[in-house]
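> Chain by chain, the residues run as shown.
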Amino acid sequence: MIEFKLPSLGADMDEGTLLEWRIAPGAAVRRGQVVAVVDTAKAAVDVECWQDGTVLDLLIQPGDKVPVGTPIATLLEEGETAETVQRPAHAAKPARPAAAPRSATSAAFAAPPTSRPRISPAARTRAAERGVDANRLSGTGPQGAVTLADVEAAARQAKPLDRHAAMRQAIAAAMSRSKREIPHYYLAETVPLGAALAWLAAHNAGLAPERRLLPGVLLLKAVALALRDYPQLNGFWQDGAFRPAAGIHLGVAVALRQGGLIAPALHDVADQPLTPLMEALGDLVQRARSGSLRSSELSDATLTVTQLGDQGVDGVFGVIYPPQVALVGVGRLAERPWVEGGKLCVMPTAQFSLAADHRASDGHYGARFLAEVRRLLQTPDSL
Amino acid sequence: MDDAQIRREVFAALQGIAPEVEPETLRSDRLLRDEVDLDSMDWLRFLAALHQRLGVNIPEADYQKLTSLDALLAYLAERLAS
Amino acid sequence: MSRITYREALRQGLREALARDPRVFLMGEDVGRYGGTFAVSKGLLDEFGEQRIRDTPLSELGFVAAGVGAALGGMRPIVEVMTVNFSLLALDPLMNTAAALRHMSGGQFSVPLVVRMTTGAGRQLAAQHSHSLEGWFAHIPGLKILAPATLEDARGMLWPALQDPDLVLLFEQGALYNQEGELDESEVVDIRSARVRREGRDLTLIAYGGTLGKALAAAEQLAGEGVSAEVIDLRVLRPLDDATLMASVRKTRRALVVDEGWRSGSLAAEIIARIVEQAFYDLDAPPARVCSAEVPMPYAKHLEDAALPQVPAIVAAAKGLLGLA
Numbered sequence: 001m002i003e004f005k006l007p008s009l010g011a012d013m014d015e016g017t018l019l020e021w022r023i024a025p026g027a028a029v030r031r032g033q034v035v036a037v038v039d040t041a042k043a044a045v046d047v048e049c050w051q052d053g054t055v056l057d058l059l060i061q062p063g064d065k066v067p068v069g070t071p072i073a074t075l076l077e078e079g080e081t082a083e084t085v086q087r088p089a090h091a092a093k094p095a096r097p098a099a100a101p102r103s104a105t106s107a108a109f110a111a112p113p114t115s116r117p118r119i120s121p122a123a124r125t126r127a128a129e130r131g132v133d134a135n136r137l138s139g140t141g142p143q144g145a146v147t148l149a150d151v152e153a154a155a156r157q158a159k160p161l162d163r164h165a166a167m168r169q170a171i172a173a174a175m176s177r178s179k180r181e182i183p184h185y186y187l188a189e190t191v192p193l194g195a196a197l198a199w200l201a202a203h204n205a206g207l208a209p210e211r212r213l214l215p216g217v218l219l220l221k222a223v224a225l226a227l228r229d230y231p232q233l234n235g236f237w238q239d240g241a242f243r244p245a246a247g248i249h250l251g252v253a254v255a256l257r258q259g260g261l262i263a264p265a266l267h268d269v270a271d272q273p274l275t276p277l278m279e280a281l282g283d284l285v286q287r288a289r290s291g292s293l294r295s296s297e298l299s300d301a302t303l304t305v306t307q308l309g310d311q312g313v314d315g316v317f318g319v320i321y322p323p324q325v326a327l328v329g330v331g332r333l334a335e336r337p338w339v340e341g342g343k344l345c346v347m348p349t350a351q352f353s354l355a356a357d358h359r360a361s362d363g364h365y366g367a368r369f370l371a372e373v374r375r376l377l378q379t380p381d382s383l
Numbered sequence: 001m002d003d004a005q006i007r008r009e010v011f012a013a014l015q016g017i018a019p020e021v022e023p024e025t026l027r028s029d030r031l032l033r034d035e036v037d038l039d040s041m042d043w044l045r046f047l048a049a050l051h052q053r054l055g056v057n058i059p060e061a062d063y064q065k066l067t068s069l070d071a072l073l074a075y076l077a078e079r080l081a082s
Numbered sequence: 001m002s003r004i005t006y007r008e009a010l011r012q013g014l015r016e017a018l019a020r021d022p023r024v025f026l027m028g029e030d031v032g033r034y035g036g037t038f039a040v041s042k043g044l045l046d047e048f049g050e051q052r053i054r055d056t057p058l059s060e061l062g063f064v065a066a067g068v069g070a071a072l073g074g075m076r077p078i079v080e081v082m083t084v085n086f087s088l089l090a091l092d093p094l095m096n097t098a099a100a101l102r103h104m105s106g107g108q109f110s111v112p113l114v115v116r117m118t119t120g121a122g123r124q125l126a127a128q129h130s131h132s133l134e135g136w137f138a139h140i141p142g143l144k145i146l147a148p149a150t151l152e153d154a155r156g157m158l159w160p161a162l163q164d165p166d167l168v169l170l171f172e173q174g175a176l177y178n179q180e181g182e183l184d185e186s187e188v189v190d191i192r193s194a195r196v197r198r199e200g201r202d203l204t205l206i207a208y209g210g211t212l213g214k215a216l217a218a219a220e221q222l223a224g225e226g227v228s229a230e231v232i233d234l235r236v237l238r239p240l241d242d243a244t245l246m247a248s249v250r251k252t253r254r255a256l257v258v259d260e261g262w263r264s265g266s267l268a269a270e271i272i273a274r275i276v277e278q279a280f281y282d283l284d285a286p287p288a289r290v291c292s293a294e295v296p297m298p299y300a301k302h303l304e305d306a307a308l309p310q311v312p313a314i315v316a317a318a319k320g321l322l323g324l325a
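Chains as they are written, first to last, in full-length UniProt numbering: chain A, 1 to 383; chain B, 1 to 82; chain C, 1 to 325.
It should be emphasised that the hints constitute simulated quantities derived from the structure, not laboratory data. Incorrect hints may appear among the rest.
[Claimed, not checked] Taking lysine to aspartate or glutamate pairs in the DMTMM-like style, the calculated list, with each CA pair at most 25 Å apart, reads:
# : chain 1 : residue 1 : chain 2 : residue 2
1 : C       : Lys251    : A       : Asp133
2 : C       : Lys251    : A       : Glu129
3 : B       : Lys65     : A       : Glu335
4 : C       : Lys251    : A       : Glu152
5 : A       : Lys343    : A       : Glu279
[Stated by the list, open to error] Chain C side only, calculated, beta carbon under 10 Å to chain A, not exhaustive:
#  : residue
6  : Gly181
7  : Arg250
8  : Ala279
9  : Asp282
10 : Leu283
11 : Gly320
12 : Leu321
13 : Leu322
The beta-carbon is built from N, C-alpha and C at its ideal position, and this holds for glycine as well.
Start from the sequences, fold in the hints, and give me the full structure.
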């Protein structure tokens, strides 16, 4: 039997609230399938399952808030049946206050309720999932019963949670932990981008805006390729040791329009050609802003890249997102005086910075990594 | 297409990217990307939306002309007229 | 594809079975010389001879019991009982012997018998030839009960029924015999599952045998009023295919059973109980049913029509489930 535990959807998450089950007991689930929607402090996230199996029991209900790592469902592995496995006790439910003992008088004289509002079982179930008070709705079903459609309509009109405040708290927790635990060191390197931008201008010329590449994609690709040679910056510090990551999934810091920040993972950056990478990046940014990220995107990032150059700052020294061990910052891309071949010239440049965890790597290693990023960007054809 | 129509399409494209923008309060002589807080990805999506709505494909070489909303509207009117 | 009647489809099924297995024979009242009370076996006597198409005396108890004995003796008999009303005379061999023998012999004996009978009303045959008692039989463990509603099932259910090691009852709704249509030769017929005959979104109509056509007609009329009804043909009344039923009800959240049997203690009651047991939290309205009036079936045409489930009543009940009534 497989215990499916509430996964951590980012270092700043220590508990989550189940919003909705997407599976039911008896259903077959496949690896990668979305099984639940969980509200983290930052967003409502589609949680994926990482094993094949058949759902045995759902251990928590929509509305329950449980710590990360709590078993929330059990799955049968192939060959198992409900009879052959030992079922665990259900997760502890939040304690409910015991009903106050009613006085004999009131029990004896209280008239039994003559009727209660007509709410269909399906509507009642969904109302509980969505946190809608079905008793207050007027129904459109038979005899004025509240139906599932009535609950859905009410849920759509309901006010969203105060996500902004919750996100602020989550960022505060993660960044405090980072600065408390991670001994950061910082390096910076000004990278000439004349060749890269000329290549990009030639590539984009004649293309419709939908097909154009942004400089940011070249920079992400260069960082990812450099990480292949500098694996000690790509991974996690966990249980007192560095654990290198298998893939190169770059967390892309996305500022949300309503405030706050989220850094979902762009998967397998080193392996993708630039055009699909650009499409994936556009899709990721858009979904980050509309709040429809998948759990793997929130938890998979192996190194984060933040590009604040658009805001006009020359450089950024970031705070590492734990348990990652490094963060690359990119400042404003602008034409600056530059010396090349003993002559002063005008060159588009950007400052690349590295904030890295000194427990996992040293400055010398980090400097070589930044030099490799710089080298790669001089030959944009190779990206 | 007259100026009012162009204006409507531009605002519709803009609100697709920055839903919080209110056309009345936008200062049309200021730097558009600062006024609406568009990063480079937003800007590209904005241009893609204009391309779809108006059929005007704005090349990268012309980006520097499109500083303010006024400049953008004038540029689009000129492209659509030719 | 060929255009044939339900009666001809049944006959094709019989002919194929008789040709395929020498142990198969047909017996019953008037099945030979007269060609069957409802002409299903017409022509088979000439084709297969008296040994295999056997007329019997007017004694349901006698010839059903003889069929049980022949099955025990290694044959694969098909016994025709003229209507389900008359099968009550043969309940003892059917229930006390055939349905129980595997259990009582510790698995040493089985009764591979198929009993065909006509069920249902609609032909002005009144209170001794018109009832739908298949729901009663569906109460009995040890039986398999089939209700072909389509040409494909009319032809195709007999052979797998003969392969079943135990007693199988095959109910032919009398009003269907003249129903004509294109037979889809490619359809694979099983005797395990219910089928979705029409896909829909808003409610599930559950029917079988004689009520399937009415449910489909009601669904068509509902579609004209913007209601999307799914129609399920039960096909097998025992054991019921719960999975297909629940999958549909979980999707549409509303269920209406159309059953020609009497309401109290009916197959419809059993189906609704299962839906409430298994899909309660997915329901958006109390399950409903349209059944026959609880009277002996009247002879007069207008009264018979009034006693049976009809399309307008199905449509009205369906709209009631959606709060549109």
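> Closer than 10 Å between Cβ atoms is the bar; does Asp282 (chain C) clear it against chain A? Give me holds or violated.
Result: holds, 5 Å to nearest chain A Cβ.
> At a threshold of 10 Å, is the proposed contact between Ala279 (chain C) and chain A supported by beta-carbon distances?
With Cβ-Cβ at 9 Å, under 10 Å, it holds.
> Would you check the hint for Lys251 (chain C) and Asp133 (chain A), treating anything up to 25 Å between C-alpha atoms as holding?
With Cα atoms ~24 Å apart, Lys251 (chain C) and Asp133 (chain A) stay inside 25 Å; holds.
> Hint check: is the beta carbon of Leu322 (chain C) less than 10 Å from a beta carbon of chain A?
Status holds, d = 7 Å.
> Against chain A, with CB atoms and a cut of 10 Å, does the hint on Gly181 (chain C) hold up?
violated (36 Å)
> Hey, Lys65 (chain B) versus Glu335 (chain A), does the alpha-carbon distance stay inside 25 Å?
holds (18 Å)
> Run the distance test for Lys251 (chain C) versus Glu129 (chain A): straight-line Cα separation, threshold 25 Å.
Distance ~18 Å between Lys251 (chain C) and Glu129 (chain A) Cα, so the pair holds.
> Against chain A, is Leu283 (chain C) within 10 Å by beta-carbon distance?
Holds: closest Cβ of chain A sits about 5 Å from Leu283 (chain C), inside 10 Å.
> Straight-line Cα separation of Lys343 (chain A) and Glu279 (chain A) no greater than 25 Å?
violated (39 Å)
> Is the hint on Leu321 (chain C) kept, meaning its closest Cβ partner in chain A is under 10 Å away?
The hint holds - Leu321 (chain C) has a Cβ within 10 Å of chain A, the shortest such distance being about 6 Å.
> Holds or violated: Lys251 (chain C) and Glu152 (chain A), Cα atoms, limit 25 Å.
holds (16 Å)
> Would you settle whether the hint for Gly320 (chain C) is holds or violated, based on the nearest Cβ-Cβ distance to chain A being less than 10 Å?
Given a least distance of 6 Å, the restraint on Gly320 (chain C) holds.
Checked against the numbered hints listed earlier, the structure breaks hints 5 and 6; every other hint is satisfied.
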